[in-house]
Amino acid sequence: MRKSSVTQAPTTKQLLPHKKVEEKIENATSVTILSHVNPDADALGTALGIYVLLKYNANVKVEVVNASNILPKYLDFLPYFHKIKKHINYADSLIISCDCASVDRLGFELKHRDIINIDHHESNTMFGNINVVLDKYASSSHVAFRLFEKIYTINKDAATCFYAALLSDTRHFTTRSVDYEVFSVAKVLVENGAKPDEIASKMTQRKSLASMRILEKALASLSFYNDAKVAVLTVSQEEILQTGANVPDMEGIVEFAAALVTVEMAIFAMELKDSVRISLRSKGIDVSKIAKSLGGGGHRLAAGFSINGGNLEESIETTLAKVKMLESLSNL
6 MRKSSVTQAP TTKQLLPHKK VEEKIENATS VTILSHVNPD ADALGTALGI YVLLKYNANV
66 KVEVVNASNI LPKYLDFLPY FHKIKKHINY ADSLIISCDC ASVDRLGFEL KHRDIINIDH
126 HESNTMFGNI NVVLDKYASS SHVAFRLFEK IYTINKDAAT CFYAALLSDT RHFTTRSVDY
186 EVFSVAKVLV ENGAKPDEIA SKMTQRKSLA SMRILEKALA SLSFYNDAKV AVLTVSQEEI
246 LQTGANVPDM EGIVEFAAAL VTVEMAIFAM ELKDSVRISL RSKGIDVSKI AKSLGGGGHR
306 LAAGFSINGG NLEESIETTL AKVKMLESLS NL
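Here my numbering is used: the first residue of the sequence shown is 6, the next is one more, and so on.
What the hints contain is simulated information worked out from the structure, not anything from laboratory work.
Just so you know, not all the hints are guaranteed correct.
[To be verified] List of simulated lysine-lysine pairs, DSSO-like, C-alpha gap at most 30 Å:
#: 1; residue 1: Lys288; residue 2: Lys234
#: 2; residue 1: Lys141; residue 2: Lys327
#: 3; residue 1: Lys155; residue 2: Lys192
#: 4; residue 1: Lys222; residue 2: Lys141
#: 5; residue 1: Lys155; residue 2: Lys222
#: 6; residue 1: Lys29; residue 2: Lys207
#: 7; residue 1: Lys207; residue 2: Lys88
#: 8; residue 1: Lys141; residue 2: Lys161
#: 9; residue 1: Lys91; residue 2: Lys200
#: 10; residue 1: Lys24; residue 2: Lys60
#: 11; residue 1: Lys25; residue 2: Lys192
#: 12; residue 1: Lys212; residue 2: Lys91
#: 13; residue 1: Lys141; residue 2: Lys192
#: 14; residue 1: Lys278; residue 2: Lys200
#: 15; residue 1: Lys222; residue 2: Lys88
#: 16; residue 1: Lys222; residue 2: Lys161
#: 17; residue 1: Lys327; residue 2: Lys234
#: 18; residue 1: Lys207; residue 2: Lys222
#: 19; residue 1: Lys24; residue 2: Lys207
#: 20; residue 1: Lys327; residue 2: Lys297
#: 21; residue 1: Lys207; residue 2: Lys234
#: 22; residue 1: Lys278; residue 2: Lys141
#: 23; residue 1: Lys90; residue 2: Lys24
#: 24; residue 1: Lys90; residue 2: Lys234
[Said to hold, decoys possible] Pairwise CB distance ranges (calculated):
#: 25; residue 1: Lys297; residue 2: Gly249; range: 44 to 52 Å
#: 26; residue 1: Asn64; residue 2: Val195; range: 15 to 23 Å
#: 27; residue 1: Lys288; residue 2: Glu221; range: 37 to 45 Å
Note that the coordinates shown come from a computational prediction; the quantities given were computed from them, not determined experimentally.
Think of the CB as a built atom: it goes at the ideal place given N, C-alpha and C, for glycine as much as any other residue.
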C-alpha cells in the first residue's frame with residue numbers, strides 16, 4: 006500500500022490528512038492504539054486521548070495497549086489509564102502508533118498491519134501507511150489534537166489526556182518548542198475541560214519514595230567533564246534494587262544535571278539487567294546526533310539510546326567518546 010506522509014508542521018496551504026485518517030478508522034473493524042515501551046506522559050497521554058475519541062465517536066472496537074511491564078504510576082489519574090493492556094487482543098486491527106520513532110520500539114510484531122503513525126520526533130523512520138510526523142510540534146499530543154479536532158469533538162477526558170502530554174513534553178511550557186501555537190492548543194484544551202492546576206499538581210506531587218531514594222544515589226554520582234560543561238549522573242543495577250526503584254521512578258533525573266549553570270549537556274545512565282539506558286539533555290547542542298550514532302533517537306535537545314550487554318562505566322566512556330568525536334560538539 007502506498008504510504009501517505011506529512012513531515013512538516015502544517016501551514017494554511019498544507020492540510021493534515023484528516024479525511025484519510027477518518028476513512029481508515031471507519032473502514033476498520035477494530036483499532037489498537039500503541040505507544041512506545043517505557044512510555045512517558047506524552048506517549049500515554051496521546052494514546053489515551055485518541056482512545057477516548059474513538060471510544061465515544063467511532064463505530065469500531067478499540068483497545069489501548071503498551072508492551073511495558075510497568076507503567077508510570079503518577080499518570081494513573083489520566084482518564085481510562087486502567088484500560089491500558091499489555092497484549093493486543095484484536096487480530097488484524099488497524100494500528101495507531103503514538104509518540105514512537107521506530108516500529109520496533111512498540112514492542113510487537115506488526116508486519117502486514119496498517120499503521121497510522123502519529124509522532125513529533127525528527128528521527129521518525131516513517132514506518133506507517135499514513136505518517137503524520139510533525140517535528141516542529143511540541144508533543145505528539147499536539148499532533149494528535151490538530152489531526153483529530155477536525156474529525157471528532159474533543160471532550161473533557163480527551164482534553165485532559167492531551168493537555169497532560171503537552172505539559173510534560175514542553176517541560177511545563179519551558180522548551181524551545183513553546184510558541185503561540187502551543188498556547189493556542191493549550192487554551193482550547195482548557196476550554197474543553199482540561200484543568201491546568203489539577204493536572205500540574207498530579208504530575209508533580211505524586212512521586213514515590215523509591216524515586217527520591219534513587220535520585221539521592223544519582224546525585225551522589227555527579228561528575229563533570231569538559232570544564233564542567235558536560236555533567237554525568239549514573240545509577241547501578243545494585244542501587245536500583247536497593248532502593249526498589251523502577252524505570253518510571255527515574256524519569257526526569259537527567260534534568261537535575263541539566264539545571265546546573267555551567268552545564269551545556271547532561272548525561273544520565275541507568276544500568277538495567279541486560280542493558281544500559283542513556284538519557285541526554287542539552288541547552289543548545291544537537292544531542293540527537295549522539296543518540297542516532299548509537300542506535301537511538303529523539304529531539305535536538307533531548308534524546309536517548311540503549312547499549313545492550315554493556316556495563317555502566319563502559320557505556321559512559323562510549324558516550325563521552327561520541328561527544329568528543331562529533332564536530333558539532335567541538336565547542337565543548
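We went through each hint and held it up to the structure:
| no. | hint | result |
| --- | --- | --- |
| 1 | Lys288 with Lys234 | 10 Å, holds |
| 2 | Lys141 with Lys327 | 26 Å, holds |
| 3 | Lys155 with Lys192 | 17 Å, holds |
| 4 | Lys222 with Lys141 | 36 Å, violated |
| 5 | Lys155 with Lys222 | 47 Å, violated |
| 6 | Lys29 with Lys207 | 35 Å, violated |
| 7 | Lys207 with Lys88 | 19 Å, holds |
| 8 | Lys141 with Lys161 | 26 Å, holds |
| 9 | Lys91 with Lys200 | 29 Å, holds |
| 10 | Lys24 with Lys60 | 19 Å, holds |
| 11 | Lys25 with Lys192 | 27 Å, holds |
| 12 | Lys212 with Lys91 | 23 Å, holds |
| 13 | Lys141 with Lys192 | 19 Å, holds |
| 14 | Lys278 with Lys200 | 39 Å, violated |
| 15 | Lys222 with Lys88 | 34 Å, violated |
| 16 | Lys222 with Lys161 | 40 Å, violated |
| 17 | Lys327 with Lys234 | 15 Å, holds |
| 18 | Lys207 with Lys222 | 25 Å, holds |
| 19 | Lys24 with Lys207 | 36 Å, violated |
| 20 | Lys327 with Lys297 | 11 Å, holds |
| 21 | Lys207 with Lys234 | 33 Å, violated |
| 22 | Lys278 with Lys141 | 35 Å, violated |
| 23 | Lys90 with Lys24 | 29 Å, holds |
| 24 | Lys90 with Lys234 | 42 Å, violated |
| 25 | Lys297 with Gly249: 44 to 52 Å | 34 Å, violated |
| 26 | Asn64 with Val195: 15 to 23 Å | 30 Å, violated |
| 27 | Lys288 with Glu221: 37 to 45 Å | 25 Å, violated |
Checked against the numbered hints above, the structure breaks hints 4, 5, 6, 14, 15, 16, 19, 21, 22, 24, 25, 26, 27 and satisfies the rest.
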